[in-house]
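J.: In case you want the letters, here they are:
There are 2 protein chains.
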Amino acid sequence: MSLRIGVLGGGQLGRMMALAGYPLGLSFSFFDKAADCPSAALGERFGDADYSDESLQAFIDSADVFTYEFENIPTRWVEAIAARKPVYPGVKSLAVSQNRLNEKRLFAELNIPSARYAEIRSEDDLRRAVSDLGLPLVVKTVTEGYDGKGQFLLRDAEQAAACWAALGASAPLIAEEFIQFKRELSIIAVRGQSGETKFYPLAENHHNHGILSHSIVPAPLLDENTQLTAERYISSILHELGHVGVLTLELFETRHGLLANETAPRVHNSGHWSIEGAHCSQFENHVRAVAGLPLGSTRAEKPSAMINIIGRHPASADVLRVTDAHLHLYGKTEREGRKLGHITVTADSYPELEMRISRLADALPNPMALHLSR
Amino acid sequence: MSLRIGVLGGGQLGRMMALAGYPLGLSFSFFDKAADCPSAALGERFGDADYSDESLQAFIDSADVFTYEFENIPTRWVEAIAARKPVYPGVKSLAVSQNRLNEKRLFAELNIPSARYAEIRSEDDLRRAVSDLGLPLVVKTVTEGYDGKGQFLLRDAEQAAACWAALGASAPLIAEEFIQFKRELSIIAVRGQSGETKFYPLAENHHNHGILSHSIVPAPLLDENTQLTAERYISSILHELGHVGVLTLELFETRHGLLANETAPRVHNSGHWSIEGAHCSQFENHVRAVAGLPLGSTRAEKPSAMINIIGRHPASADVLRVTDAHLHLYGKTEREGRKLGHITVTADSYPELEMRISRLADALPNPMALHLSR
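Sequence order for the protein chains is H and C.
Going by the UniProt record's numbering, the first sequence runs without a break in its numbering and finishes at 374.
Going by the UniProt record's numbering, the second sequence runs without a break in its numbering and finishes at 374.
These are calculated hints, taken from the structure and not from any lab test.
Hints may contain errors.
[Stated by the list, open to error] In the PhoX-like style, the derived pairs of lysine-lysine whose C-alpha atoms are separated by at most 25 Å in a straight line are:
hint, chain 1, residue 1, chain 2, residue 2
1, C, K198, H, K302
2, C, K198, C, K302
3, H, K85, H, K33
4, C, K302, H, K302
5, C, K92, C, K198
6, H, K198, C, K302
7, H, K92, H, K198
8, H, K198, H, K302
9, C, K182, C, K33
[To be verified] Pair ranges (Cβ atoms, derived):
hint, chain 1, residue 1, chain 2, residue 2, range
10, C, R359, H, G242, 49 to 59 Å
11, H, D61, C, G210, 36 to 46 Å
12, C, P220, H, N102, 49 to 59 Å
13, C, A83, H, T75, 54 to 64 Å
14, H, T143, C, G195, 35 to 45 Å
No experiment lies behind these values; they were computed from the predicted model shown.
Backbone N, C-alpha and C define an ideal beta-carbon position, used for all residues, glycine too.
Just chain H, with the same shape it has in the complex (with noise of 0.2 Å):
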């Protein structure tokens, strides 16, 4: 009745957690040592300077099933508090998505379609991915490394020493080819503890300066096809890790069909619509699959769109002027490229979302990509 779920972590993932929580019956602890984080005001909160270990085992006392709001958390945290309790998404997950080599190791043994690459561990390393892969060749750092920091487009062989120069400190990275995809899409599911698995409809995803600016849910012009695909495929990843909560694989659409790009072991922003946009939301689902509760159906009834607020915040009343429009703040201050918040708004069709689109972005101090005309 009164499960705590520990949360490693206190960012707006967390929050929105704690907030799709409390209505079951949930309470929840967070570790982040920031004493503003976003889910501070949610739960009880631990983790001092330095994440000492003390703190880490007070927090491990203080609930009774753990799970995470970012992938990129030191392995001995989820160990430590594996040796004690439940947490889920499991080592396995983790270990996957926070490694991008063990990521394409794992679309092939799948046979899931993904763009092809070479490891990189030297700069003679790199010149042989370019005449494997050719150009533009894009290469990573292997861990660490989200909304496209870590990354270098090499455009031209003679930019190797440049990007070995900028990343090789971070070795071993990874190169791929570079896709020339029509749009990016996600797909988010969930897993329960018994096995039950539902899927969230494909969002489409674009992006501004490598930050996810905005997602159309469900994809516009999709055929039945490709979302049936989409699942199959996430569908074996989740199989495969024995994966329990929210799991979401980022996609390619490209002219031979979907290609793998990369996993996140946890609720995803482009995921965000799904508050007032589905049935159950990802939050929802994420925290019953992690109190063992049977999941909510993940459909959604009308065309959603999420949009991020970045930087700066918008006056909420504009916003909430907007017919149905949702607005969703973090509690944070305003810096530069921050996620602040978000907003949700839905429609009958997608041109009257289109139009919604139109006047929040008119709305919002910085719009991203919305004025891109689609």
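Start from chain H and add chain C according to the hints.
T.: Frame of chain H, contents of chain C only:
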């Protein structure tokens, strides 16, 4: 941006206001002496054992704008707030709903039909009321009283002495003619600081021993005229009171049309369905109004049912296994007659809704009035 709302009371209504308000970037203080009150985890709690003036002033210091989640609060609290900071709904709304005679006079002024009544200050007044209004007669305290408490159903003139013995100490009382109603309905409306007003669809309410068992929304088999009449009545009340926030009007549907029963200057149990069933819930619209923000749509796309969990908790999994059922627990311990939570379930049609209600009735230890045939 970081506006804080102070709520008098820390029960489930305050809890659900807070859950709706955090996404809008609001934070919350509660004035409730119970350290384990349902709102405690969702904001800063004030109020010592005897609700001292010091604790009230500290509460007033802590927030920017105020509201309440229960109308039976000392008027001096609201006056103390109003002397320093804005409080919505205002003192006028509170004065009407706290006193059944004031309420009856307001209905009369605004030409809102209501049961005939008499003010009762003595046992003789009671006998006179029997001859004027007929039998049975519903005798109520003028102030306090909810969930059927503080009421006496006088079936026989002989019971006048017993009735006076039971309630006389709380005189003045009010005696109302007994209404043969087809069903009880309620309408919930919200008015913003700009005067903008929105109405939720009428709810059909079912009681069990004076406690709300469940509500069906929109009330089935309703002609449009009834909805519009109810909107006209509540609209005139909102306007007359200069009300800001949610207001509820309970009504009887009779052979001769709608009769107003009573008002509540707050979010209402019969409106809990709106969290999932309406575009913008009564809780979000209430906090939007209190925060001076534009209101959200009160539209319901499908039939919903709200089912109270009274006295004993069901197994959460049994509830969540029912398609499109959502669970809302308040963090309270079990006690006979206590509202511990509610369930919302939606469906595409009323027959499908009935089937889901019937499955939920099976999951509840105390199915209240759910097994009554409709």
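J.: Hint by hint, where does the structure go against what was stated? Just the numbers, ascending.
T.: 9, 10, 14
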